[in-house]
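> This is what each chain is made of:
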Amino acid sequence: MEIRTTYFGKFEKNGKIISGIWCGTRPEDATITEERDILFPDEGKKLKHKETELLFDTIWLRDGDVAENYEEIEERNTPNDITQQNLPPLDSGQ
Amino acid sequence: MTIASEIQRIKNNIAKAYTKCSSKGATLPVTQNCANLESCINSIPTGITPTGTISITGNGTIDVTNYAQASVNVSGGQSTKYGATVDTFLGDIDSNGALQMPRSGLYLTFNGVKSIGDSVLTYRFCVYNSGIYGIYNVMGVSFPDLETVSSYNTLERTFYGQDNLREALFPKLVNVPNTNNFREAFAYCTDLEKVTFSSLRNVTGSSGYGFYRAFFCCSKMHTLDLSKLTNVGGSQTFYDAFGICSALKSVDLSSLTSVTGSSAMSSMFERCGLIEVNFESLSTITGSSAMSSMFSECTSLENLWFPSLTPNSFGSYTNQFNYMLSGVTGCTVHFPIKIKNTIQNWSDVTNGFRGTNTVILFDLKAATLNFTCNPNTTQIYVDNELVENNTVDVPAEDMNYVAYDSSSNTVLLNSITNLSDDETRNISVNLTQNKKKITISTNASGINVYFTVDGITFNALEESSKNYTINYIGDTGQNILYFVDGGNNYSDADGIITTNGNNQTQSVSLSSATISNFSRPNLTANGTMGGNSFAVSCDSAVSGYSPYTAVNGNTDYLWMVNNTDSICKYTFYNPIPLKVSQIVNYYTSTTYSAANFIIEGSNDNQNWTEIGTYTVTKTLTQTIPVNSTRYYKYHRITYKNSTIRLKDLGITATQKG
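These protein sequence lines map, in sequence, to chains S and G. Quick note, our numbering runs 3 ahead of the 1-based positions in the first sequence. Quick note, our numbering runs 726 ahead of the 1-based positions in the second sequence.
Be careful, since some hints might not be right.
[Stated by the list, open to error] Computed footprint of chain G on chain S; a stretch qualifies when at least three of its residues, placed anywhere within it, have a C-beta under 8 Å from a C-beta of chain G: (1) 7-15; (2) 21-31; (3) 63-75.
[Stated by the list, open to error] Keeping only pairs whose Cα atoms sit at most 30 Å apart, straight-line, the calculated DSS-like set for lysine-lysine is: (4) S/K53 / G/K1366; (5) G/K1064 / G/K1366; (6) G/K1064 / S/K16; (7) G/K1366 / S/K49; (8) S/K53 / G/K1344; (9) G/K1373 / S/K53; (10) S/K16 / G/K1359; (11) S/K19 / G/K1064; (12) S/K49 / G/K1344; (13) G/K1192 / G/K1359; (14) S/K48 / G/K1366; (15) S/K13 / G/K1064; (16) G/K1344 / S/K48; (17) G/K1373 / S/K51; (18) S/K51 / G/K1192; (19) G/K1344 / S/K51.
Quick caveat, the hints were computed from the structure, so don't treat them as lab data. Where a beta carbon is used, it is the ideal one built from N, C-alpha and C, also for glycine.
Start from the sequences, fold in the hints, and give me the full structure.
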C-alpha cells in the first residue's frame, strides 16, 4: 500500500481563475487550498480495517486515522487478462 | 517426290483453304485457284459472334473463346445469396473428387434484410467450437437495410474470431434493445478495420449486455462510427465492447446524452489507443459504476471533456466514474465549474479515477468575477460560499451575490446576468449607498435574531431594546428569512419578510418557555405526524416492518426498507420542538447500514433545513453527534443505502415548550 497526496487549489490562466484537483503531483503554478493523504492498496488488492474488518478501495487518512490501521487483502475479481493469443473456449453453443 | 505429286499437294491445300473460307461465310469464286484466293478471303464478313454450348462441371479457368454466349451448366447447381454460395462454407470438390477448403474472399451483403429476430444469427459464422469451425473466409459484412433487431441474442458471437474480416457496416440500425444482441458478435476479428453504426441511437433495455465485448480484441480497428449514439441503458451494455482495439485513436460520442445502466460503459475502451474524448452532450450518468474502467490502460489518453454535466446529472450514485482511468497516467479531465461542489469530495474524484497523476479541472462553462468593495472590509458570498480575495470562478450563468459589512450592519443582494463562458467580469460593490432598515420587534431583550438573505445567515443587531435590525440594499420583492432564538426562557419564532422598498418592522411575540431533557417514548404504532404525541413515518417500508418498530423499545423488531435509488427517509415528530444533540443507529447488520446520511429539521413537515451531512463507518451501532442549534418539531434522516434494517433509533435531545 502507499499514501498519495491529492491537492485542491486554483490557478490563473489568461486572467481566468480555474479550480482544480491534482492527484499525486503537486502543481507548480497553483495556489493549494487543501491537501489530502489517501491510502491506496497495491493493484488487485483492497484495504481491510484491522478492527472492523470493513473493506475499502482507498482511505482518506484523517482525524488521526493512519495506514497502520489497515492491511491489504487480495481482491476477489482479477483484472481482465484475456489476449488474442489466449482465446477463451466458448461456454456454450447452438 | 515428283513434279506431279507436288502440283497435286498444292491443289489440295488450295482446296482446303477455299473450304475453310466457305465455313467462314466467304463468297467462293467460280474458278478456285490460287489467284482468286485473296479476293475470296477478303469476302469473309466480320463481326459474327461465335455461338455454342459448353458444359462446365467444376471450378477453374474455362476457355470460352469460341463460346461467347456459352451457357454455364454447373453440375448440381448453386444459388448465390447475400454474396455467398454453398461452396463458400461447405467447400467444393476438385476434378479428382477431393473435397476442398471453402473459398476465401467472401463479402456478405445482407441486402433487403430489414430486421432480425431472436437468436437468428447466433453463432452463425463463429469460427470456434460452435458455428462453423475453422473457416475464416468472411472478408466483410454489411447490413445496408437493417433497421431493427429483436430483443435477444440476434447476432450473439455471429462473427466471433473471423480474423480476415475487414469491415462491419450497419448504417441504418437505430435501436438495439439489449440482451446479448451483439454480445461478442465480432470479438477477436483481429483484421477488422472499420465499424459503422452511423444511425445507432439507443442501446437500452434493463437486461443489458447488448454490446458486451462486441468488438473485443479487434486490434486493427481504426474507424468507428457511433456518432449518433444517444442513450445507453442496461447492465454491462458496452462492457469491454472495444477492449484492446489498440489502433482506435478517436471516437465521436458527441451525441451521447444518457447513461443509465449499472456498469453500462464499464471497460468500454479498455487498452485502446484513444487520445481524447469529448462527451459533449452527456448530461445524465445514473448507473452505478456506469463508466468504471471505461478507459482503463488507455496509455495515450490525454484529455476527457464533460461540458454538459450538472449537479442533477448523477441521481443518488456517487461512483459513476469509479476506476475510469485505471492504468492511465497524466490524463486531464475537464468538468463544468457548476458540478465542482457536487463531485469534488467523491472518493472516485479525489482518487483521480484510479489513474496516476490525474488532473481534474473545473474549467468548462466558467467565468471569473473580480469584486471591488466599499468599504474594503466587505465580505462577498457567491453560491452560499465566501469569496476569498474577492475573486472567484463561477458558472457562466445568471446568479446572485450577497455582500455584507458587519461594521455598518449592512447586507446587499444583487444579481449578475449575461455571463458568458471564459468571461472575466469586474464588479464594483458599494455598501455606503441608501439602505432600508429591516427590524424584528420582540418582547425580549438580549436574545439572538438571525436574518438569512439568499442563503447567507447574519446575526441581527439589537439596535434598541428588543428591536433587532439589519440594513438592506437590494431589489424589492426579495424574501428575507428571520429566526428568533428565544434562548432558555422564551419560545423560538421564524418567518419571512418580503422587501418592499421601505423600512419594515415585523412584530414577534415570544412566550415563556422552559427547557427539559427529551425522553423518547416507545411506540406501539406509527402515530400521527402533527398530532399531540411523538410519532414516526417513512417514505417506504417492507410490509410488516413499519417505522415504529425502530422506536418500540424491543430490538427483536426492526424497520426495514429496500429502495433501489439508495435513499431511505425516516422522520420523527414531537409536538414540543426538539434540539437534537445525538442520534444512535442500531442495525441488524453492517450490510444493511448506511455510511452516509443527512439529518434535516422542519417545523411544518414541508420546508426542511439541513442540520448536517454525516459520513461514518458502517458498524452495527453508530453514535452520531448531531449538535443541532435549533429546535424543530420534525426531524428527517435520509439513509443512503439500498437496504436499511434499523432495530432501534436512539435520540438525545432537549425540548423547549
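> Going through the numbered hints above, which ones does this structure break? Give me the numbers in ascending order.
3, 10 and 18
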